[in-house]
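Participant: Construct the complete structure from the given sequences, taking the supplied hints into account.
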Amino acid sequence: MDRQGQKLSEQLMQIMLLAFAVGAFATGYVIGSFQMMMLIYAGGVVLVTLITVPNWPFYNCHPLNWLDPSEAEKHPKPQVQQRTSSSSKKKSSKK
Amino acid sequence: MHTYVYRLNVLLTEAITLLALMCAIASLSDKLNVASPSADIQVLHINWFHKQRNGNDEVSLTMNVSADLKSTFTWNTKQVFVFLAAEYETEKNYLNQISLWDAIIPSKEQAKFSYHTINKYRFTDQGNSLRGKKYNLTLHWHVMPKTGKMFSDRIVTTGHSLPEEYI
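Protein chains in written order, with our numbering: chain S, 1 to 95; chain W, 1 to 167.
If you're looking for bench data, these hints aren't it; they were derived computationally from the structure.
There may be inaccurate statements among the hints.
[Unchecked claim] Beta-carbon label-pair distances, calculated as ranges:
#, chain 1, residue 1, chain 2, residue 2, range
1, S, M36, W, V156, 34 to 40 Å
2, S, L12, W, L32, 31 to 37 Å
3, W, S36, S, Q35, 25 to 31 Å
4, S, K7, W, H142, 48 to 54 Å
5, S, L18, W, S66, 18 to 24 Å
6, S, N65, W, L21, 40 to 46 Å
7, S, L12, W, Q110, 43 to 49 Å
8, W, I16, S, T27, 18 to 24 Å
9, W, L21, S, V80, 48 to 54 Å
10, S, W56, W, L21, 25 to 31 Å
11, W, A24, S, W56, 30 to 36 Å
[Stated by the list, open to error] If you want the ones that stay clear, here's a sample from chain W, every Cβ over 12 Å from chain S, calculated:
#, residue
12, D40
13, N119
14, G127
Every residue, glycine too, gets a C-beta built ideally from N, C-alpha and C.
Facilitator: Here is the structure:
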């Protein structure tokens, strides 16, 4: 999943879970059946799992632009400087 | 949210948190219910009334326990536990309570009942001060929920008294 897809997945997950929780409670309360509330909510959780967890194609609409290898060679990584000055100072103090 | 394991973790945590919230609100909704129960307890016959070998009095009663507890049931009720207690005062104890009979009512349809029964549990005293004793018969009930807080209440019927002499 790309960045936009992750954001979409998280938003869908939160909104759908909240909607199913409120809907299941309201339905169960009006009907007077605790079991119906639990069944609706369980079904909702399974549905949300199927929609948001797997890596569906519509989550990859804005793919990240990785640099080509030739482009990367033009901008080499900076080398780490050798610390020779500080080590020579230490040797002089020990003498 | 970059792997499916992470998304599954977040989903399960949020789902269970919302479930806990739903159960808490369901328990709170029990407070909206106003119950109007009624009960009537008759003592029909004293089967025996004697002194046991260890010096304690014992009495056996045939009773008719009838009640209508339908209004105590809500959508969040699993069962109602109902029991009958005899309450009386002696020199030794300010309040004696002894459970004579109990039952579990599993559904609203069975909550209007009338039992003709002898006491399920022995009615014995600590000592022998039951002769001529005035006692109350109290019907207690506990409304056991599917989730959340349990409520209990009772109805007291007064005016019962035991015979002056052993039978």
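Participant: None of the hints should be skipped; say for each whether it holds.
Facilitator: Each hint tested on the structure:
1. M36/S - V156/W: 34 to 40 Å: Given a distance of about 38 Å, which is inside 34 to 40 Å, the answer is holds.
2. L12/S - L32/W: 31 to 37 Å: 34 Å, holds
3. S36/W - Q35/S: 25 to 31 Å: Check passed, 26 Å falls within 25 to 31 Å.
4. K7/S - H142/W: 48 to 54 Å: Holds, since K7/S and H142/W (Cβ atoms, about 50 Å apart) stay within the stated range.
5. L18/S - S66/W: 18 to 24 Å: Hint violated: Cβ distance 47 Å, outside 18 to 24 Å.
6. N65/S - L21/W: 40 to 46 Å: The hint (40 to 46 Å, Cβ to Cβ) holds, given that N65/S and L21/W are roughly 42 Å apart.
7. L12/S - Q110/W: 43 to 49 Å: With a Cβ separation near 45 Å, L12/S and Q110/W satisfy 43 to 49 Å, so the hint holds.
8. I16/W - T27/S: 18 to 24 Å: 20 Å, holds
9. L21/W - V80/S: 48 to 54 Å: 53 Å, holds
10. W56/S - L21/W: 25 to 31 Å: Cβ of W56/S to Cβ of L21/W: about 29 Å, so the range 25 to 31 Å holds.
11. A24/W - W56/S: 30 to 36 Å: 34 Å, holds
12. D40: 28 Å, holds
13. N119: 35 Å, holds
14. G127: 48 Å, holds
Checked against the numbered hints above, the structure violates only hint 5.
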